[in-house]
Amino acid sequence: MLNRQGRPSASGDAGAVDHPTFTGNRALQVEEALIFEIGRHEVTGVDIDEPKDFKSKLGALERTGDIGLPGLSEPETMRHFVRLSQKNYGIDTGLFPLGSCTMKHNPRLNEKMARLPGIGDIHPLQPLSTVPGAIELIGELGRWLCELTGMPAVAMTPKAGAHGELCGMMAIKAAIEARGEKRSIVLVPESAHGTNPATAALIGYQVVSVPAREDGTVDPEEVKKRLSPDVAAIMLTNPNTCGLFERDVVAIADAVHAAGAFFYADGANFNAIVGKVRPGDLGVDAMHINLHKTFSTPHGGGGPGAGPVVLSKALAPFAPVPFVVVEDGNARLVENTSDAGDAQPLGRMCAFHGQMGMYIRAMSYMLSHGTDGMRQASEDAVLNANYIRASLTDLMSLPFGNRACMHEALFDDTWLDGTGVTTLDFAKAMIDEGYHPMTMYFPLVVHGAMLIEPTESESKASLDLFIAALRDLALSAKRGETDRFSGAPYHAPRRRLDETRAARSPILKWTPPKPVQEAAE
Amino acid sequence: MRYLPLTPDDRGEMLARIGVKDIDALFADVPNDKLLAKAPDLPRHKSEIEVERALGRLAVKNIAASSVPFFVGAGAYKHHIPATVDHLIQRSEFLTSYTPYQPEIAQGTLQYLFEFQTQVAALTGMDVANASMYDGSTGASEAVLMAHRVTKRRKALISGNLHPHYRETIETVSRFADDEVVVSTARGNDLAAQIDNTVSCVVVQNPDVFGEVRDLTALAEKVHAAGALLIVVVTEAISFGLVKPPGEMGADIVVAEGQSIGVPLQFGGPYVGLFATRTKFLRQMPGRLAGETVDAEGKRGFVLTLSTREQHIRREKATSNICTNSGLCVLAFTIHMTLLGQTGLNRLARVNHANAIALADALGMVPGVKVLNDTYFNEFTIRVPGDGADVVEKLADMGILGGVPASRLYPGNADMKDLIIVASTEVNTDDDRAAYAAALKEVL
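Line order of the protein sequences matches chains L and Y. Numbered according to UniProt numbering, the first sequence spans residues 1 to 521. Numbered according to UniProt numbering, the second sequence spans residues 1 to 444.
If we strip away everything but chain L, and leave its shape as in the complex, we get (with noise of 0.2 Å):
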């Protein structure tokens, strides 16, 4: 094993003299009890006066009986939720290569930002004269995300990038209805990811996919011979889930355009070309913007996110309600169908604005970096990926051949035939070692398929370490070890858990134990 300086370290065998303890905990690493197990019904770890001469206008429709919710108190509910916190990995933990997923930098001052006053303790109907600086920050946003992309207009409500794909596709549906025309098909890579052929099949799509070409990007060609005037879009990821710039973008989308169809692209990697391409120049007529990979809102264990949709001139006018209007520097907000004019909202998409809490966090990250900073940010992302890529490609195997990728390097499992080591089980080492696993399996259509993106946010000593702790593991498998793969990961709070118990005979909610009598019965 290699230490920071990278020389090897003290042993680091894994069979290190067990001592079991009483309470099985380890030191720091405590067994957290669930909280139903550890609270207790009468207590509460709120101070709520009871209500004097309480009376009921409920009807008789008020609950009588226990819930089964068992109350901590103040010091119990912050233990409990601290040590919990202590059993993730974090990206302030360490590097978190997740491919397709971006885990960059989450900066504490966006935090404090969503938390002010007048941003965070706003009700989305209280008089629209109480929240003018509000909708102004919805219009700024919205025109920040329209001069990155060269875009004209742009949908800010989706939730979350699924969510904005749901709403692109539907505008998109929606244009080919208005020019009085119904096409039934949609063009979906094989590379892309699950959420465009499941956005599809949603709005009564058929689902065609695209075979990728031995370079991992689609070919033109392909395309054209799937197009007919049956077909409503092609959904492209731009750079594609291979970590590969789609080099005949340009041609696909003049093909796409020349059927009468549309170009849905998803945005899921916009990161790694912020201010040096922008999707409208590429033909693009629809793209939904992760706001919280590009532009950095906490993950949060898997969301919230936000997916504002920008949109071509040809779909602009079906963008849902509510929306901001900017006129002569005075931003307004057009609630509903009714008052919006000459254009023909698809409709609504959730309650209430969208993401208020996103806006404000990607605006604070995207006004620090500027556009300078962004820019910067892409291009960084990029280097980062290659240096990666570079620094491993004598030891681990590259599906598409060793050429520049973009924010993200992709390698596949070939190098790790006849070892007896799978992808999973070197993603398993690869904790111990420290770190979150890059994503697996993903494309589906490489085998074995490890996408890395270490994002901007590392540092070349940080990327060095990785890089020398992923050769040290790649070197071990080469040599048969085994061991330190199949029983990985060893020193994190679980070993490997059971997924397929799991999911055959599912357990989704505590309950109570059985009384021992009714138990031996």
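Don't read these hints as lab results, they were simulated from the structure. All values reported here derive from a predicted model rather than from experimental measurement. Heads up, a few of these hints could be off.
Unchecked claim - Heads up, simulated SDA-like pairs for lysine to any residue below, C-alpha to C-alpha not over 25 Å straight-line: (1) L:Lys55 x Y:Val366; (2) L:Lys112 x Y:Met1; (3) L:Lys313 x L:Asn330.
Please build the complex by placing chain Y on the supplied structure of chain L, with the hints as guidance.
Here is chain Y on its own, set in the frame of chain L:
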């Protein structure tokens, strides 16, 4: 640029290792004429001081709920959030973690998701809950799609007393999915008469958007007799502490907005959708699920499970396209709910109810004002002489945020013009109520 760790020297060394002469060599696949020669026309980077100043200037233009007597509800509610909640959700390991794809180092997230699922099932009176939806309204549209999958029917019947934003969200998704949505008249009672064996589900809200609380038991029987599902929407999660839960009234799917428990108003989002159903419908459920299992040493642990319903495996055959959930809002909910416990929740609910009654009594004394509800929890509807939107605006000018004019939710509906939906929670004081009643008297 404080967020970028690479120095110019680092960049030079790294380019050398890669074997290219400059950064644009790495962008070689981008068509040359599309590569921007310089950064887009937006401001340059700002210091922390400058960002705070710029965003602070926008923030102070808005009136914060805590700064005035505040009675606005209709789907989002001003509640007190214990300091512990916000502190804990900002723990780095929660805040900056991703979807728990590697369960061995995500037990913190997975365990609270499991705790959340248990809490939601208990609150709603249902068998199983998922690990959250984006919010209540999108959860409601997912519930309707789920009912269509379960019953193989494509017509939803929606109560006119469902929050109109929820109804519109359902209508949008359903229309694009080529499903049919029929809306039963607002404030009418003829919902049951329209149920037949072409209906997949009936969607009702309880308490409804006007605050009325209803017994849904008889409706549930009619729905079930027709082979359809009853979907019950709850926008005020605190009501679970005092109102008979939907699960005890025969609901098949319960969808709720969880914002009231631990999540700030934030102008409408991010919020957290609660979604619960019966065990028999489990495999048709959308969204993520955390499940219990054991590790290689036999210790209890948690994983994401039943992912064969999900889009990353099933692609176009998935139950939904929803991918991430509202993880951090789930955490806030779970912590606040843990602090409350059922004792605290019930007490909080009773304080809300008592405050609403006190407010209704005070407003009902104002000449010309009539409280329309027979029953309510913490929200009710008043009729005022004249235009409700004007009244709310005038109240705002006097520093009172007095509720939501029904015309804002039902635009163009003449019957709604003189109605105001008013909410009262534990944050309201006697002084707030007195100020509201006095101001209302003055503006009428």
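A quick look at each hint next to the structure:
1. L:Lys55 x Y:Val366: Cα-Cα ~22 Å, so holds.
2. L:Lys112 x Y:Met1: Between L:Lys112 and Y:Met1 the Cα gap is close to 19 Å, so the pair holds against 25 Å.
3. L:Lys313 x L:Asn330: Within the cut-off at roughly 22 Å; holds.
Consistency note: the structure conflicts with none of the earlier hints.
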